[in-house]
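With these hints in hand, go ahead and build the complete structure from the sequences.
Top line first, the protein sequences correspond to chains X and G.
Numbering-wise, my numbering puts 153 at position 153 of the first sequence, and it's gapless, one number per residue.
Numbering-wise, my numbering puts 1247 at position 247 of the second sequence, and it's gapless, one number per residue.
None of these hints come from the bench; they were simulated from the model.
For glycine and all other residues, C-beta sits at the position ideal for the given N, C-alpha and C.
Some hints here could point you the wrong way.
[Stated by the list, open to error] Which chain X residues stay away from chain G? Per the calculated CB distances, all over 10 Å, these: (1) Gly-29; (2) Gln-80; (3) Gly-95; (4) Arg-120; (5) Asp-179; (6) Ala-202; (7) Thr-291; (8) Leu-330; (9) Glu-349.
[As the list claims (entries may be wrong)] Some, not all, of what chain G presents toward chain X, calculated at C-beta under 10 Å: (10) Glu-1056; (11) Gln-1064; (12) Lys-1068; (13) Ala-1164; (14) Leu-1168; (15) Gln-1186; (16) Pro-1189; (17) Ser-1190; (18) Gly-1271; (19) Gln-1275; (20) Ile-1278; (21) Ile-1314.
Spelled out from the first residue to the last, the chains are:
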Amino acid sequence: MNIKALLAGTALALGLAGAAVAQDKTKVGFIFVGPIGDGGWTYEHNEGRLAVEEHFGDAVETVYQESVPEGADAERAMTQMALGGADIIFTTSFGYMDPTINVAAKFPDVKFEHATGFKRADNVSTYSARFYEGRAVQGHIAGKMTKTNKIGYIGSYPIPEVIRGINSAYIHAKKVNPDVEFSVIWAYTWFDPAKEADAAKALIEQGADVILQHTDSTAPQAAAQEAGDVITFGQASDMAEYAPMPRVSSIIDNWAPYYIDRVQAVIDGTWESMDTWDGIGPGMVEIGEITDAVPAEVKAEAEALRDAIAAGEYHPFTGPLNKQDGSAWLAEGEVADDGTLAGMNFYVEGLTGEIPQ
Amino acid sequence: MIRLEKRPTPSRFWTWSTPVLAVLLTMIAGGLMFAALGKNPFIAIKTIFYDPILGEFAFYYRGQLLVKAGPLILIAVGLAMGFRAGIWNIGAEGQYIIGAICGAAVGLAFYPAESWIIFPLMIVAGALGGLLWAMIPAILKVRFKTNEILVSLLLVYVAEQLLAAMALGPLRNPEASGFPGSRNLQQYPSAANTEIIPGTGMHWGVAAALIAVVFAYVLLSRHLTGFHIRLAGQSPRAARFGGVNPTALVVFCMGVSGALAGMAGMFEVSGPAGQISIDFNSGYGFTAIIVAFLGRLHPIGILMAGLLMALTYIGGEAAQATMQIPAAAIQAFQGMLLFFLLGLDVLSNYRFRLPREGVA
Chain X
1 MNIKALLAGT ALALGLAGAA VAQDKTKVGF IFVGPIGDGG WTYEHNEGRL
51 AVEEHFGDAV ETVYQESVPE GADAERAMTQ MALGGADIIF TTSFGYMDPT
101 INVAAKFPDV KFEHATGFKR ADNVSTYSAR FYEGRAVQGH IAGKMTKTNK
151 IGYIGSYPIP EVIRGINSAY IHAKKVNPDV EFSVIWAYTW FDPAKEADAA
201 KALIEQGADV ILQHTDSTAP QAAAQEAGDV ITFGQASDMA EYAPMPRVSS
251 IIDNWAPYYI DRVQAVIDGT WESMDTWDGI GPGMVEIGEI TDAVPAEVKA
301 EAEALRDAIA AGEYHPFTGP LNKQDGSAWL AEGEVADDGT LAGMNFYVEG
351 LTGEIPQ
Chain G
1001 MIRLEKRPTP SRFWTWSTPV LAVLLTMIAG GLMFAALGKN PFIAIKTIFY
1051 DPILGEFAFY YRGQLLVKAG PLILIAVGLA MGFRAGIWNI GAEGQYIIGA
1101 ICGAAVGLAF YPAESWIIFP LMIVAGALGG LLWAMIPAIL KVRFKTNEIL
1151 VSLLLVYVAE QLLAAMALGP LRNPEASGFP GSRNLQQYPS AANTEIIPGT
1201 GMHWGVAAAL IAVVFAYVLL SRHLTGFHIR LAGQSPRAAR FGGVNPTALV
1251 VFCMGVSGAL AGMAGMFEVS GPAGQISIDF NSGYGFTAII VAFLGRLHPI
1301 GILMAGLLMA LTYIGGEAAQ ATMQIPAAAI QAFQGMLLFF LLGLDVLSNY
1351 RFRLPREGVA
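What follows is the structure, given as structure tokens:
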């Protein structure tokens, strides 16, 4: 039995060494949480992958695995890729955080890039986009457009990234429409068209005429289209097939420049572990075309807001802002720091309901 | 016209050869599907069935086969006992979740104390959790004649909600700055389900699965309870005359399958998964139903079926990663396996009759 263990250990070491041998082509791996055809989150990451292929041509080879559950299976998928000779692996969902760290420890020569997480190592970088900047623009349009003053929000998981989006959208809706009310449904999934459609229908039945979503499929768009007179926003991807109604605008994640950048760093041998959190300014977050369903002056205001955020003149979390319980958070003119935003686990004042704890 | 004639008893030959035939047919039909997708079918089939066992990186995949097959076998062995007696526990997924929650909760309650007693206590807690969750449909069935299929299935969704609540609330890692999910049990030595032989994938849950196979085999073939189970399944009327207590049988079968599913969840959460998270469960409880039938509800058969099922998962993932075969095609491939198996069952229970020539 000991010999067996020894053999297994030696084989593993050999395998690792084999994986580390320099090849002529740089191998770039991607782990996706949904199918590449989800039309949202994973779709855009895959677009980034295709951009890498196009940019580098024959110098790189990309591989991907889609619909990888967050947990033990993710660890295996990453190990498989590393054994297969990947030089850099992008793991594109929050739930891959621990698996990424675990696998990275076993493959010190492979670079890992984890999206939306906060754990780093010498060979693990993290990256995310400031989606909340886009949410501010959505909130503005939503507040102006709602007639029932009820805005429905399909949350995925009550994690800081999603809570930031809810807060940002609410703050900017409230600014232009003091009577606005948000109701949030937690779907506990990133991608499940049936659940997302149910959530959208429930919100519409409760009187919401604007649906915001932090889930990846187009099912809420379809539900809104069926109901009529309900507006939505593309999430993660443009979802332009639902324009001009119900989809009136969108947040588009543009990962391509980042992916090209990081792969280039691997090729040059200059890759270092770092944390990237970019927004509208550097182009990681884009606002999809605002359609004619939105009145011209609202569209102009929304675009002005977008440009002010991009230019760094305005921060979506600028005081005075209180927490939901009424306690003070940001004083007049004060801007939220990244640390608080990264771990945000509270609603701002005015939001009803509780974050599931 | 070819006629089907029911066999007086299922054919032993076909009972054991249809799984092999089903695998071969799946390879052919799946190969055609892969070819239609523009992939080389031979390489695809080799990647799925050969590479994980004997390929270049088999040293890693073989261990993963055990990791994947362990919980499937452990759950399926328990389920098969009930299925044989005509007691349909469809909610193993829920019992698996509750077992994981209870096991992890006990472990986390001791954090950060170190003691050898913690892990055994977690195993007991996991088994108890699964057992109690299975007792709900069991008692409702014997007391109020409710349908255990529906109750156990619906309790899966209750368990999923409870899991989310636990990951966000009581079991959340207080040092994770607001992120959901418990502490990682793999990083807590006293509570970690480690590999018994490092590098082989052989963790305590796999050992438990093998022990369960042996026990189930002995119980079913050598013990009076096993006889009662088989009798109740084959002829409920005869069972009643034969002194089988149907109430006790329901409670026993549901309890055993629940306890084993709970243990599987506990081994998973303290081992490969590492932590309670919102979507910790990944369908083992449902896949185990397929494994139970694929293995003919026989412990040894389940052992082999579990390994085969694990192979289609591991190999399927490898085919995805190396050949870019879509995930949906792999699922369709697994679906074909079950489809052919059930379709071919007709051979075990019926025989073909050609009409005799010359008969008016």
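Results for each hint:
In this structure Gly-29 of chain X is not separated from chain G by more than 10 Å, as the shortest Cβ-Cβ distance comes to only about 8 Å. Not every CB of chain G lies more than 10 Å from the CB of Gln-80 of chain X, the least distance being 5 Å, so the non-interface label is violated. For Gly-95 of chain X, the shortest C-beta to C-beta distance to chain G comes to about 7 Å, within the 10 Å cut-off, and the non-interface label is violated. Every beta carbon of chain G lies more than 10 Å from that of Arg-120 of chain X, the smallest distance being close to 14 Å; the non-interface claim holds.
Annotated as non-interface, Asp-179 of chain X keeps its C-beta farther than 10 Å from every C-beta of chain G; the closest such distance is 30 Å. Remark: the non-interface label on Ala-202 of chain X is consistent with the geometry, its nearest Cβ contact in chain G lying 16 Å away (cut-off 10 Å). Distance check on Thr-291 of chain X: its Cβ is at least 32 Å (rounded) from any Cβ of chain G, clearing the 10 Å threshold; non-interface status holds. At the 10 Å boundary, the C-beta of Leu-330 of chain X stays outside the reach of chain G, the nearest C-beta of that chain being 18 Å off.
Separation of Glu-349 of chain X from chain G is adequate, the least Cβ-Cβ distance of about 19 Å exceeding the 10 Å criterion. A distance limit of 10 Å between C-beta atoms decides the matter here; for Glu-1056 of chain G the minimum to chain X is near 8 Å, and the interface restraint holds. This hint holds: Gln-1064 of chain G has a C-beta 6 Å from the nearest C-beta of chain X, less than the 10 Å allowed. The closest approach between the C-beta of Lys-1068 of chain G and any C-beta of chain X is roughly 8 Å, which is under the 10 Å cut-off, so the hint is satisfied.
The criterion of a C-beta within 10 Å of any C-beta in chain X is met by Ala-1164 of chain G, whose closest approach is roughly 5 Å, and the hint holds. The criterion of a C-beta within 10 Å of any C-beta in chain X is met by Leu-1168 of chain G, whose closest approach is roughly 5 Å, and the hint holds. Proximity of Gln-1186 of chain G to chain X holds as hinted, the smallest CB-CB distance being about 8 Å (cut-off 10 Å). A hinted interface residue such as Pro-1189 of chain G counts as satisfied when its beta carbon comes closer than 10 Å to some beta carbon of chain X; here the least separation is about 16 Å, so the hint is violated.
Interface restraint check: Ser-1190 of chain G against chain X, minimum CB-CB distance 19 Å, threshold 10 Å, status violated. A cut of 10 Å between beta carbons decides the hint on Gly-1271 of chain G: the least distance to chain X is about 8 Å, and the hint holds. Restraint check, Gln-1275 of chain G versus chain X: the minimum CB separation of about 7 Å is within 10 Å; hint holds. Nearest Cβ of chain X to the Cβ of Ile-1278 of chain G: about 6 Å, under the 10 Å cut. The hint holds.
Restraint check, Ile-1314 of chain G versus chain X: the minimum CB separation of about 7 Å is within 10 Å; hint holds.
The structure does not agree with the numbered hints 1, 2, 3, 16 and 17 stated previously, though it agrees with the rest.
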